[in-house]
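Q: Listed here are the chains, written in short residue letters.
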Amino acid sequence: MTDTTKTTGGNIFGKLNYLIIDDFENFRLSMRQMLRSCGAEKIELVAHAAPAIQHCAYNHVDVVLCDYNLGEGKNGQHILEELRHKKLLKRSSLFLMVTAETSKEMVMGAREYQPDAYLTKPINRAMLEKRLAGLLHQRNALLPINRAIDRENYPDAISLCLETLPRQPRFKTWLMKTLADLYYQVGDYSHALKIYDEVLAQRDLSWARLGRGRVLLASGQNDDAVRSLKELIGKHPDYMEAYDLLAEGLESLGRPTQAQQVLEKAAEHSPNALLRHRQLARLASANQDISTAAIAWRQTVNLGTHSIHDNPDHYLSLGQSLSDLSEGDLSEEGAEHADEALKILSRMEKRFKDNESLVVRSKIVQSRVHAGQDRIQEAERTLDSIASELQDEDAIDGETGIDYAKTLFRLGREDQAKQLLGHLAQRFDDQPELLQKIENLLDEPVGFRQKLQARAFNRDGIKAFESGDLDAAVAEFSSALKIVPAHTSLNLNLVQVLMKKYSEGSPDPDLLVTCRNCLDQLAGLPEQHRQYRRYIALGNKLKGMMP
Amino acid sequence: MSLTPDRDQSRDNHIDFSMVLASAVHDMKNSLGMLLNSLDELRNDREESLGESSRFNTLQYEAERMHNDLVQLLGIYRLGENNLSAHIEEHFVPAFLSEHLARHTPLLEGLGIHYSVDAEDINGFFDDDLLTGVLNNTINNAIRYTKSRILLTACERDGYLVIGVEDDGEGYPEHMQHNGTLSFKSLDFRSGSTSLGLFFASSVAKLHSEGERTGSIRLRNGGRLGGGVFEIWLP
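Keeping their order, the protein sequence lines are chains A and B. Read in my numbering, the first sequence has 349 at position 349, and its numbers run on one by one without any break. Read in my numbering, the second sequence has 699 at position 152, and its numbers run on one by one without any break.
Bound conformation, chain B alone (with noise of 0.2 Å):
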């Protein structure tokens, strides 16, 4: 609603190219949401023939892929547009990842992977909006790179909030592993994957500051699980 250009604009002859596309990509997504909505009813419906369909699953996985990648497009273009700042509230942690799990559930049952949170009673100051978008898009990438079990952690490391995202998959490949944040310039889009989740939910670390601390990713494998270990460190 808030991305259709108004009328002056589309008087001038200029096409503002970047607001056509996040105009069609805020229309994609909200199809995918309704996609996504008819998945889990039809899921419901036919828990027994499709509870554990293969087919099913990939088709459920796929769509919530797409689904997070117009998310991250669109915050990274309102990024872009120095629109998009953090509003930090305070939140209970346990209750805010079990309730970003449990959208996940139906899938994650439905492809038999074990899924816990192991979170200590914090309260954390966070934008709970971009988070979820991180969240999600972790978790997906987990449910794809993972042989049996997905971990969600978090805890209070030095002063900052770490919430954790664990697989017993192969790991990250070696040139991913880093610490910190990530530049714009480092996306490849030459390769097939761009990385664009990890730069988004490195942005949304970014935007999260206290004083001089600000907010960042890490990606390591081994932890509880022994496979993938994504971390979002916020001050």
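Same shape as in the complex, but just chain A (with noise of 0.2 Å):
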């Protein structure tokens, strides 16, 4: 074998822009020696992630040679991540991985943004050669496509892939999976699925797969999309970014569960990816399972240390999961969640301590948290402490008003509580999810045991009800309602099973005051609110039953 590399004079590598970063001195001279050897010139050494995307922030660089483990701190993988995602290096720019690792166990760990190719030590200088050889020749003969892309002209790199096609059979399968990813960007679906389809015609390979699941979903054939992926896992129980689809189909489909339970799987398998982890967080708290939201925000937060991804929205989601947790929980236990809430948001202040507004988020919590382990006097203090910041109802952003307004019920201040939501939904009439929202805590403005209690007794009184068991039914929404005496949906179903109760052969007046006793519970529903026409529905036909 001759040494092309060097006869054709270091052309190829000799122009380009390098940068190594390794926290070893000795490494990085030994890797510039290399390079050196094989042409290159211009290379630049860099220790830690600080420097080197600073470097990248005031230079063009061609090829990263990136260390996976930095020691203390940020990592190669969140290097990889915050050039991308600040758009400091280029899709035309090459982002090499070195590890000691075999390089399945990384990709696994990444979701987002993955790196041009992994380099696993040892790693010898004719290895660099042949290796960066390799993927300097495909760059080169992919570079146009790469710049129309970098420039978001999909359109221009469509054809240019189309183009190119016939003439590089050797780069077939990066065509193709760019072409498809393209049209998927540009919203052509059936071009993707035909280019998917036409690789899955000749070989089952996992990424066509993955990509046809995407395009599915996103052409709403949802059922189809979660079979095929659910087939794909099943050959490939490593193969992280098919779990994230799939949630995603099975949350679209309406099976929360289902989603959260395939989003814990892959959790398992891959416990570093930031991003699963807060979708994880998410999902479970939306599913009102207060203990594994708790637990996924916690990764949440604590990957974040030296992630782009850092958010403070993760830290208060976290204390309000705690928060949640250890409301009206005097035991150890409970204590614990508290003192790790209280901690967690101290934190956030002084880790995001430009974001002054952030203050008042945590005090909200903060007073919540104290309230929960019966230390009202604290509750109160803290409250008091940001009184200032809140004393203007129509400053106040939508989503800290209504964690105020729980904190208040906490408090026992119920009638603050509905008026500062009151005001909101006027305020906020034309924002569905915030009203949702504000609704929602009206008709539960319990902590989340009591309600998942009391959506267990709606759900049995709903069986009863279908089944035609209306003692047991009115039974079960009493219940319910003895907890959550507002709820509006609540409160118009048990009116309406005592009506046909009534109606049906025991005409006992009682049950007629029942019904309007629940009825005046509503007294003042807004028009706006989902519920408003039944209860004025049920209402008119009350007044006809009263004798």
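Just so you know, these hints were derived from the structure itself, not from any lab. Heads up, a few of these hints could be off.
[Said to hold, decoys possible] In silico DMTMM-like cross-links for lysine to aspartate or glutamate, where the CA-CA straight-line distance does not exceed 20 Å:
id: 1; chain 1: A; residue 1: 172; chain 2: B; residue 2: 637
id: 2; chain 1: A; residue 1: 172; chain 2: B; residue 2: 675
id: 3; chain 1: A; residue 1: 265; chain 2: B; residue 2: 628
id: 4; chain 1: A; residue 1: 172; chain 2: B; residue 2: 703
id: 5; chain 1: A; residue 1: 121; chain 2: B; residue 2: 592
id: 6; chain 1: A; residue 1: 543; chain 2: A; residue 2: 504
id: 7; chain 1: B; residue 1: 753; chain 2: A; residue 2: 204
id: 8; chain 1: A; residue 1: 235; chain 2: B; residue 2: 599
id: 9; chain 1: A; residue 1: 121; chain 2: B; residue 2: 668
id: 10; chain 1: A; residue 1: 121; chain 2: B; residue 2: 675
id: 11; chain 1: A; residue 1: 235; chain 2: B; residue 2: 592
id: 12; chain 1: A; residue 1: 235; chain 2: A; residue 2: 188
id: 13; chain 1: A; residue 1: 172; chain 2: B; residue 2: 667
[Unchecked claim] Among chain A residues calculated to face chain B with C-beta under 10 Å, some are:
id: 14; residue: 33
id: 15; residue: 50
id: 16; residue: 54
id: 17; residue: 55
id: 18; residue: 127
id: 19; residue: 173
id: 20; residue: 235
id: 21; residue: 236
id: 22; residue: 238
Since this is a predicted model, take the numbers as computed values, not measurements. Even for Gly, the Cβ is constructed at its ideal location relative to N, Cα and C.
Hints are included, so try docking the two chains, each in its own frame, into the full complex.
A: Listed below in structure tokens is the structure:
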């Protein structure tokens, strides 16, 4: 074998800018030595993430050689994510991750960004030269396409891919993958699907299966997508992206519990993916599985320490979950959760100290944590410390207001909470998501354990009603209402059952009195409430039945 | 990293011994990687004095061998955990082979072994990580048994991609020559050679399937150099 790269005068290595990131000076120097002997000239060496990102911000770099393990602080994956996220590294530049691990273990951590190649230690000059030459050859052949993608000129990129396909059979996989992805990006799902089907007709390749699942989901064929992704995971239990997509599909099919289970499994396989943990935490919160949510938020917060995805919302959500868990739980475990919530929130205040609105959000939750541990005075005092910020109800943003109302409920200041929520509902009457949150809180201003209990009663009541057992239904709904007396649809459910019972053979006037009381509970229900029409209809019906 | 047992498990008294072993193997593998790196550097720095030192070559050869064994051990562990599947992608075979031979060139040159690649210009479908493990081990083995030459081959036969490693040594003893796949039971822990490498290669081959067809390995003697021939057949 002749050394082709050398005989061509090193010109494919020579003109490029290199950046070597490694915390060991010896490795940096030996890597530079190897690159130089391949013909490279412009080589920058840095030891850590901060100078690396700094360098990329002010200089053009063609090839990054980054060690994965950089000791304390950010690792190679963090750097890659930050560079790509801030668009400091173009698609047309190469990022090579140098690792002592087998690459697959690493890939499993990543979700969004993957390096162009992994170099597994030990590395010698001959290996580096061959590998880099191959990658640079590919880079040069595909440069026009990647430049078009960097400029976000997708139609151009698509036609370049189509032109290149017959000329570069060696890069067929890359071209097909990129082409299908570009079609997906521009929303041309039928062409994307056609490419995946063409690839799959020749061979069952997991990337094509995954891509096909993504397109099916995007074009609303959720059942097909879910079926095909389940099959893919069956064959490749370590293909993490498939889990993410499957969870998305299950959620859109209205099966959030299954979606959560899928993500829990994925999180177990790949403990380092922040975005996956965050998604799991959101799902679990929505499913009222607060203990799973707390664990996932905790992971998200911890993984955020060095990540570009770090966000105060994660801390706040963890604080809220822990607050929910500790509420009214005076056991040792409850106290631990409360302490952790307070600690996380004050850590957030310190870490993001430029963001002043966070102090208000933090204190609102802290006050609730104290209240949940029967420390009412401390709760009041904490809330007083931000009284001036909360004075003007027109200045509070929606989310903060709702959380504030939640705390007011815990402190027994129900009238103030309701008044605040009413005010917010008027201010945000064009924002359905916020309105729904406000309605939910008004319906269930209690801790999540009671909430779950009331929901279970409600479910059983509906079941009993459907099977014709009216007495059982009345009993279930009444039990639920003992926990959440102001719950709109629960009150209406009870009214409906009682009226049916009255008209089906037991015309006991007491039944109608109870109905009247239930409807009175809902007096002042605003017109925009989802249950408003049902409320009016049942009210009219009741009037007709009154003697 | 992903192999370290989490706190919940260590809080229990139950010790998952294979997990402990795997973690230890993982650490040892990484240490050896560092060691091999240093050996490469040392060879570069002291090319004159070390180039043909047989003691230095032995040092590097044995370290490589251990490193390969540990990589395989981890592979087999994950196989047992049902946590290993082939991520099959398309690769340009000649480039793949010469990249992997490059890892061994300092040692090959130090030992004065002539090496070459004879591959058709074809694309193949395989998991490059898994194949790297198999190739490193096979090349290492060939280095041990060859007299003076090693040849890597690749071609398409009966719809399979056949990658071969040939040498001009004595060849495989009769009882080792076979076609197809090896089962875990066939490992003989009493004899000096456990054929762990062959078991791993066979397992990797089996992970590659396409429709009804699965991969396999073949060992025979002869070939173009008249010594041992290792072949992995991938559908």
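Q: Against this structure, judge whether each hint is valid.
A: Here is what the structure says about each hint:
1. Proximity of residue 172 of chain A to residue 637 of chain B is assessed by CA-CA distance (about 8 Å); at most 20 Å being required, the pair is judged to hold.
2. In summary, the hint linking residue 172 of chain A to residue 675 of chain B is supported, as the alpha carbons are separated by about 17 Å, within the 20 Å threshold.
3. For the given pair, residue 265 of chain A sits about 15 Å from residue 628 of chain B by alpha-carbon distance, which is consistent with the 20 Å threshold.
4. Distance hint between residue 172 of chain A and residue 703 of chain B is fulfilled; the C-alpha atoms sit about 18 Å from each other, no more than 20 Å.
5. Distance hint between residue 121 of chain A and residue 592 of chain B is fulfilled; the C-alpha atoms sit about 19 Å from each other, no more than 20 Å.
6. Restraint check: the Cα-Cα separation between residue 543 of chain A and residue 504 of chain A comes to about 17 Å, which is no more than 20 Å; the hinted pair holds.
7. Between residue 753 of chain B and residue 204 of chain A the alpha-carbon distance is near 16 Å, which keeps this suggested pair within the 20 Å criterion.
8. Only pairs whose Cα atoms come within 20 Å are accepted, and residue 235 of chain A paired with residue 599 of chain B is rejected, the gap being roughly 48 Å.
9. For the proposed pair residue 121 of chain A and residue 668 of chain B, the alpha carbon gap of about 28 Å is over 20 Å, so the pair is violated.
10. For the suggested pair residue 121 of chain A and residue 675 of chain B, the alpha carbons sit about 15 Å apart, so the restraint of at most 20 Å is met.
11. Of the pairs offered as hints, the one joining residue 235 of chain A and residue 592 of chain B is violated, with about 48 Å between alpha carbons and a cut-off of 20 Å exceeded.
12. Between residue 235 of chain A and residue 188 of chain A the alpha-carbon distance is near 29 Å, which puts this suggested pair outside the 20 Å criterion.
13. At most 20 Å may separate the alpha-carbon atoms for a hinted pair to count; residue 172 of chain A and residue 667 of chain B meet this at roughly 17 Å.
14. Checking residue 33 of chain A against chain B by beta carbon gives a least distance of about 7 Å; that is within 10 Å, so the hint holds.
15. Restraint check, residue 50 of chain A versus chain B: the minimum CB separation of about 23 Å is more than 10 Å; hint violated.
16. Interface hint at residue 54 of chain A: violated, since its Cβ lies 27 Å from the closest Cβ of chain B, which is beyond the 10 Å cut-off.
17. Here the hint on residue 55 of chain A is broken, as its CB sits about 25 Å from the closest CB of chain B, past 10 Å.
18. Of the supplied interface hints, the one on residue 127 of chain A holds, with its beta-carbon coming within about 4 Å of a beta-carbon of chain B, less than 10 Å.
19. Taken as an interface hint, residue 173 of chain A checks out: its beta carbon lies about 4 Å from the nearest beta carbon of chain B, inside 10 Å.
20. A least Cβ separation of about 7 Å between residue 235 of chain A and chain B falls short of the 10 Å threshold, and the interface hint therefore holds.
21. Given the 10 Å rule on beta carbons, the hint for residue 236 of chain A holds: about 5 Å separates it from the nearest Cβ of chain B.
22. The beta carbon of residue 238 of chain A is positioned within 10 Å of a beta carbon in chain B (closest approach about 6 Å), and the interface hint is therefore held.
Against the hints set out earlier in the document, violations occur for numbers 8, 9, 11, 12, 15, 16 and 17.
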